[in-house]
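Put the two chains together into one complex, using the hints given.
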Amino acid sequence: MKYALVGFTCLVLILGFVIASNYYKDSQAQKYGFLAADNAELFVRAHSQTLGSDDAKVYLVEFMDPACETCAAFAPFIQQIMAANPGKIKLVLRYAPFHEGADDFVKILEAAGMQGKYWETLELMFRTQNIWASHHDYQPQRLWEVLPGAGVDIERIKKDMHSPVIARIIEQDMADVKALNVQKTPGYFVNGKPLQTFGYRQLEQLIQSELNAQYPK
Amino acid sequence: MSQTDKSTNTNWTLLFLCWLLVSVSATISIFFSSVLEYQPCVLCWYQRICLFPLILILAAGLFPAFDKSVIKYALPLSIAGGLTAFYHSLLYAGIIPEGIQACSKGVSCTEKYFELFGFVSIPMLSFFAFSILVTVLIILRRRTSK
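Chains as they are written, first to last, in this note's numbering: chain F, 1 to 217; chain C, 1 to 146.
Where hints are given, some of them may not hold.
[Said to hold, decoys possible] Below 30 Å or equal to it, Euclidean Cα-Cα: the simulated BS3-like pairs (lysine-lysine) are: (1) Lys72(C) - Lys2(F); (2) Lys178(F) - Lys117(F); (3) Lys25(F) - Lys90(F); (4) Lys68(C) - Lys2(F); (5) Lys88(F) - Lys31(F); (6) Lys2(F) - Lys88(F); (7) Lys31(F) - Lys72(C).
These are computed hints drawn from the structure, not numbers from a lab.
One chain only, chain C, in its complex shape (with noise of 0.2 Å):
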């Protein structure tokens, strides 16, 4: 195999590994809101949206073969949804006091469900699974440039 294949092949997987990342993701979320019935707020509905598409966008990367360009289309979603998650968490954690912001219609942004292992919360998971993601891609736009 030759090192252009390699390096191919390895853009290929940590797409993929982003793309696992993102289905995971998506579907914990349905779950959280469909089956434990925990309503979705607005932040999350944010985070929501720039995660959801991505599950189609990074597939449609990976197939037939590795496309750099999905990077391109990929990268402004997923930072959009970290930083909403960013936010998100601030303000549960209370860093940002709640009032100067306009999700009070429905479920609030603070509203506790779930922590994991005490003080891991939902905002903050996201925060996470958007934070490797942009962190992969961006390692994967610097490969690709070269």
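Okay, chain F solo, but in the shape it has when bound (with noise of 0.2 Å):
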């Protein structure tokens, strides 16, 4: 009778934990999914970068952070995913520059971006990660060592890393993650849908689905 009560309450809280989680994700994905057919602005701005054809129906937007070691490890993984389904996915970039001091990897990102040189130096970055980042510990002088290998203009790039353009990127990109509530990077969303629970064959299942439902066989 005893082990019955306890064993029976256990169950009960674990019941509803479970209902609790899933009736608050779905709710969630209902919220961004009529924000994304409302407030499209709100996941693509005019200033982000993105990668992948124009008439693309499935759209990946990930919040992100050049010095994040999981974007790192995801990028490969996204390219494949695209190699996968040309001319199907466009992927758009954001900034979450949630650590102290990854605003300025930002910068000097967009900065590059601005000599023509954006996904050459985000690739070099974040294969060079380990140098200038490592767990967290932020040592630009480092990267500014790495940098040239992208073929940029470094002198170029400490001017205009400062310019106010970038700095209005970064504040809308961030008003916007709030707006999301986007708590971690890489925060993904696929059409608007965010990925609810994280991993890559979680990611793979989200876009594979918005891909099924956008190219019917």
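Okay, structure coming up:
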């Protein structure tokens, strides 16, 4: 009797937890789906860097930070998915530099973009991340040493990165981070639907379900 | 049923209610942090450290029959958790200025996430739970030390 009572209580608590979390996640998905149709600019701003065809019907929006290790780990995975579905996926990068000092790297990246070397620089930053951002120990001077590898003009970046245009981009992205309740990087939205449980497989499934919905066979 | 049997039964029920309170609190706490993604601040973590082990400690005192020594082990954790929650509530309400304490890294301990009926904050909920727990445990101690 005693055992049954305690066991039953545990069961009720666990069940309640699962039901409440599913209910919450569904209501979030509905809310953001609604947001996506209504306020598309929350997800894609005019200043946002994008990769992929303009005709693509699946928008993969990633809130990221060049100094974030998981973002770097996901980059090749996303490239793979995009390569497997040519012309169907458009990647939109948004910034969420949560850690103190991380916005400096966003500024460097955007300044490199002004020289038309955005994706080369991002690729290099991800590849050399362990040199200049090992476990959030940011060492900008080390980044300056490897950055020429992307074929950018370092002196110009040092000047451009303090441009008010870039500061406004970060400000706008951080405002959208708040509006969309992004708590961690990388934060993914596929056509406005948030990735609910984090992981490679889950992201792939979310993208695949949108691909199936937008490109019926 | 004899008098002592009845009394033991009441003790068991009281302890069970303590365990229920602790389990529900822990479930809500985990719901806040992992589903609603409210980041726990340093003080929240200290209270969780006191709260989570109580689930197992109190449960151990329930089986196979009510064991009064569980009070001795559960009370210090409950009091420590309650004091932390009290301090946290004062901090949150602005009665103690935040500058004098050491939780600047990560989430601020006065970050407002959720307020029930507009004024019951998370630290306050925690304080209520620990207060009830301490009260019931003290009642149990009186009942068993006779």
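Hint by hint, here is what the structure shows:
Simply put, lysine 72(C) and lysine 2(F) have alpha-carbon atoms about 22 Å apart, close enough for the 30 Å limit, and the pair holds. For a cut-off of 30 Å, the pair hint linking lysine 178(F) to lysine 117(F) stands: about 29 Å separates their Cα positions. A C-alpha spacing of about 25 Å is found between lysine 25(F) and lysine 90(F), which places the hinted pair at or below 30 Å, so the restraint holds. The straight-line distance between the Cα atoms of lysine 68(C) and lysine 2(F) is roughly 16 Å, inside the 30 Å bound, and the hint therefore holds.
For the given pair, lysine 88(F) sits about 25 Å from lysine 31(F) by alpha-carbon distance, which is consistent with the 30 Å threshold. A C-alpha spacing of about 58 Å is found between lysine 2(F) and lysine 88(F), which places the hinted pair above 30 Å, so the restraint is violated. With a C-alpha separation of about 49 Å, the suggested pairing of lysine 31(F) with lysine 72(C) is violated against the 30 Å cut-off.
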